[in-house]
Amino acid sequence: MGKGVKKPFTEVIKANIGDAHAMGQRPITFFRQVLALCSYPELLEDNKFPEDAKKRARRILDACGGHSIGAYSASQGIECIRQDVACYIERRDGGIPSNPDNIYLSTGASDAIVTILKLLVCGEGRDRTGVMISIPQYPLYSAALADLGAVQISYYLDEDNCWSLNSAELGRALNEAKQRCKPRVLCIINPGNPTGQVQSRQCIEDVIRFAKEEHLFLMADEVYQDNVYAEGCKFHSFKKVLFEMGPEYSSTVEMASFHSTSKCYMGECGFRGGYMEVINMDPEVKAQLTKLVSVRLCPPVPGQALLDLVVNPPQPNEPSYTSFMKERTAVLAALAEKARLTEEIFNTVPGITCNPVQGAMYTFPRITLPQKAIDKAKADGVVPDMFYCMKLLEEEGICLVPGSGFGQREGTFHFRMTILPPTEKLKVVLQKIRDFHSRFTSEFS
Amino acid sequence: MIVCQLQITKMSSMQEVNLRVLGIRDPGSLQGLAARITEQISQGEQKPFQKVIDVSSGDPHRAGMPPLSFTRQVLAACLYPELLKENRFPSDVRQRAQKLLGACNGGSVGSYSASSCGIPHIQKSVAEFITRRDSGVASDPENIIFSSGSQRTLMMVLHLLSSGQGLTQTAVLTPLPCPHSLPMLLDEVGVKQVPYQLLEEHCWATDLEELHRALKAARGHCEPRAIYISNPGNPTGHVQDLKTIQEVIRFAASERLILLVEEVYQDSVFGQEKKFLSYKKVLFEMGSSYSEMVEMVSFHSISAGTMGECGLRGGYMEVVNMDPLVKNFLVSMQAPCSPPVLPQLALEIMVNPPSPGDASYEVYTQEILQRVETLSQNAQRACEFLNDVPGMSCQHAMGGVFLYPRLHLPVQIIEEAEMSGLQADVLYCQKLLEEEGVCLGPGSENGHDDKNYHIRLCVSAPPAVLEDVLKRLRLFHLRIQDRHH
Chain A
299 MGKGVKKPFT EVIKANIGDA HAMGQRPITF FRQVLALCSY PELLEDNKFP EDAKKRARRI
359 LDACGGHSIG AYSASQGIEC IRQDVACYIE RRDGGIPSNP DNIYLSTGAS DAIVTILKLL
419 VCGEGRDRTG VMISIPQYPL YSAALADLGA VQISYYLDED NCWSLNSAEL GRALNEAKQR
479 CKPRVLCIIN PGNPTGQVQS RQCIEDVIRF AKEEHLFLMA DEVYQDNVYA EGCKFHSFKK
539 VLFEMGPEYS STVEMASFHS TSKCYMGECG FRGGYMEVIN MDPEVKAQLT KLVSVRLCPP
599 VPGQALLDLV VNPPQPNEPS YTSFMKERTA VLAALAEKAR LTEEIFNTVP GITCNPVQGA
659 MYTFPRITLP QKAIDKAKAD GVVPDMFYCM KLLEEEGICL VPGSGFGQRE GTFHFRMTIL
719 PPTEKLKVVL QKIRDFHSRF TSEFS
Chain B
75 MIVCQLQITK MSSMQEVNLR VLGIRDPGSL QGLAARITEQ ISQGEQKPFQ KVIDVSSGDP
135 HRAGMPPLSF TRQVLAACLY PELLKENRFP SDVRQRAQKL LGACNGGSVG SYSASSCGIP
195 HIQKSVAEFI TRRDSGVASD PENIIFSSGS QRTLMMVLHL LSSGQGLTQT AVLTPLPCPH
255 SLPMLLDEVG VKQVPYQLLE EHCWATDLEE LHRALKAARG HCEPRAIYIS NPGNPTGHVQ
315 DLKTIQEVIR FAASERLILL VEEVYQDSVF GQEKKFLSYK KVLFEMGSSY SEMVEMVSFH
375 SISAGTMGEC GLRGGYMEVV NMDPLVKNFL VSMQAPCSPP VLPQLALEIM VNPPSPGDAS
435 YEVYTQEILQ RVETLSQNAQ RACEFLNDVP GMSCQHAMGG VFLYPRLHLP VQIIEEAEMS
495 GLQADVLYCQ KLLEEEGVCL GPGSENGHDD KNYHIRLCVS APPAVLEDVL KRLRLFHLRI
555 QDRHH
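Those protein sequences? They're chains A and B, same order as listed.
If you want our numbering, it's the 1-based position in the first sequence plus 298.
If you want our numbering, it's the 1-based position in the second sequence plus 74.
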């Protein structure tokens, strides 16, 4: 299009990547003010910046070598930031203690996830570490497992039950896997990517019980923890539930939970800020983890600073509180509205079934494809849902990700769409997909 | 009596940790000690010094060097574009910030880069920089891959190279001394280190015969597949001349080794009549039998001497003559994520600084010149000073940010170290830290783990700080010689 080639549409709408800012979401003013102050401390003299922003900037800079965000930090992350993260976790989890020594700052959650997987992969042949991951899943996991030579153990989420986790299914997957590997890790994404499901408390307890019984290390990817929209849904942190299940569980089940600055209401993917909290890890193993993270020197300091602000936002008595809360609420409310709208419109389309978008930033509707389309795709050497998405891109300029990229039950097809485009644009996208789907169905019947 | 044992099966234990991770050597303990001492001072404990001065890493900001103003102004404006609305910053700062924001998705530094290799506009700027630097030898933006620091870019390449075990284990020829962060990195990717000794008495030059010797000794025990070069040298400060670079390239070509060339300090060359020559430029000037055949990856980052933005974590690699299928792997390694944005912006400024006529040109050029001058003067001053200390000798540095003096250690220190299970130079550095509050790097971290004791110190620091470090080092060194007589 940039070269003047005519298309049946005027712009390509990218609803394929969970990048909020790329789709026009505005950053949180307070965060960017503090980061600007950290970057160019001369601005601390500027009275256009509020006092609470300056206070935080000074505190961060005091914790940096030479008072500069350009100095290396300790490899586990700046200490006062780890302390702030621990405090955040304690507040979030109703007072359950969090030890800063168990907090590792990282280059986004992905870095921490890969680090833990790397730590735990061992054995040869049938003793090789097996890692349970959900289908559908965020492809980082399958890629990391392939790269590390770990064995992937797929467990299916229950599409008919809002993509919830099911212990029976976990059991089935595990038992089948025991013949070919040594299952050791269970990964959960909650709220889910790409499915958007927010696991119920009961579900989380079941998973924890299962992990204990089967001696599995739990990895709880909770980067969407603020993105919860549906009525009756609530984010329950794995750690909180674990500790509320009593010492029989809270002192034995090993776990790592992950969070980052990329999603929620911040959407700051480009900063690569994140952390993990490790629970009940053998101290010697933890020492190995600490050693492993030191090889990479340290996580980017701006990301660490941003994370500090996320876990330590303006308080009610501070000057920036009102505008901060206004911005935060607006972002989350817009996402909630778009989630609702998406489910509503997609469910009016014959051939598209959409589970409620309970949380996260995506919808993963199931599409019914006519047999002729499936045959044509196969003849072209392309997976059917990829064929569908390619046509959608060519005819409507809308970019989605085929469900095959995330995994799905054999014989089913899906696509993942983000709910990030601005509301008006999203409405247009939803209508176009609706129209495209009927056209596509007619064309191939 | 029968004792029943209740066995609580832990979910993870040392037996279940990745062997590769177990095999990574332990990091130095000095950073931890420095942090503890700093904490003690802040708690009010009395020490013979006010604060810890850490010059063990190439971290100029930590040592007190300020960042470059233009860079930080542009970054601030990109972070908080409200600043563009007023005349707070010079016009070229505003223009650059606007241009860079325009190159970011959604006009925000918070979005992912358009490609997992980095922001296309900046890949282009880097390619243009390289072409200019190398007097017209073209650089293709498609061959530029960004990541969060040269530690990571190097790791990506090594990870692809790494294979085999025992006799078939991939090995890399590495200089002795090498950058202190390198050995752990090689451990993590499972690549064996094959050291080639640099010639201390010739200012740490690279010796072709030694390269041959090291390679020959290694073959049959492992699979040497690459040679790593640090130029300007970290920690040696040596800047290779044309002849050396040509010899190394010829060696790599005939022995079919991939060249891994770390050139992070290319902007910090100050030795008399010394000039930085990029391996790429020399390669291309050697004619097509080399320039079309030799596989090479060169590394650069914003941790560079003059910019010193180590904490931002930004760097790039340029791949030359890499098999396209292999390059595809490299390019997709960071997907679905992408490298952090802010350091890419800083990198763009580094390779594309203000031009003559721009509002910030004079200040920027002044600041750069000042840094190089300070570095040059510091290196000279420190070298002379240390050579005057009995029991120390130091080669002149021509570039880079480190000095790497040799030490004579009293027998008692060596014995005490042995008894504590420490390297003698580590014990020396520990005592120096405890008694004088100065943190230097032990040469054992750079590979000198025999009786050939060295220490490294970063001389990219305010001159007053360096003076303090030198004074304390000298006092300490003489004291321990006396103590043990």
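Please keep in mind that the hints were generated in silico from the structure rather than gathered at the bench.
The beta-carbon is built from N, C-alpha and C at its ideal position, and this holds for glycine as well.
Be aware that a few hints might be false.
Pair by pair, the computed Cβ-Cβ distance ranges are [as the list claims (entries may be wrong)]: (1) LYS480/A / SER363/B: 34 to 42 angstroms; (2) GLN169/B / LYS301/A: 21 to 29 angstroms; (3) LYS480/A / MET367/B: 43 to 51 angstroms; (4) GLN114/B / LEU630/A: 40 to 48 angstroms.
Structure-based check of all given hints:
no., hint, in the structure
1, LYS480/A / SER363/B: 34 to 42 angstroms, "violated, 52 angstroms"
2, GLN169/B / LYS301/A: 21 to 29 angstroms, "holds, 27 angstroms"
3, LYS480/A / MET367/B: 43 to 51 angstroms, "holds, 45 angstroms"
4, GLN114/B / LEU630/A: 40 to 48 angstroms, "holds, 44 angstroms"
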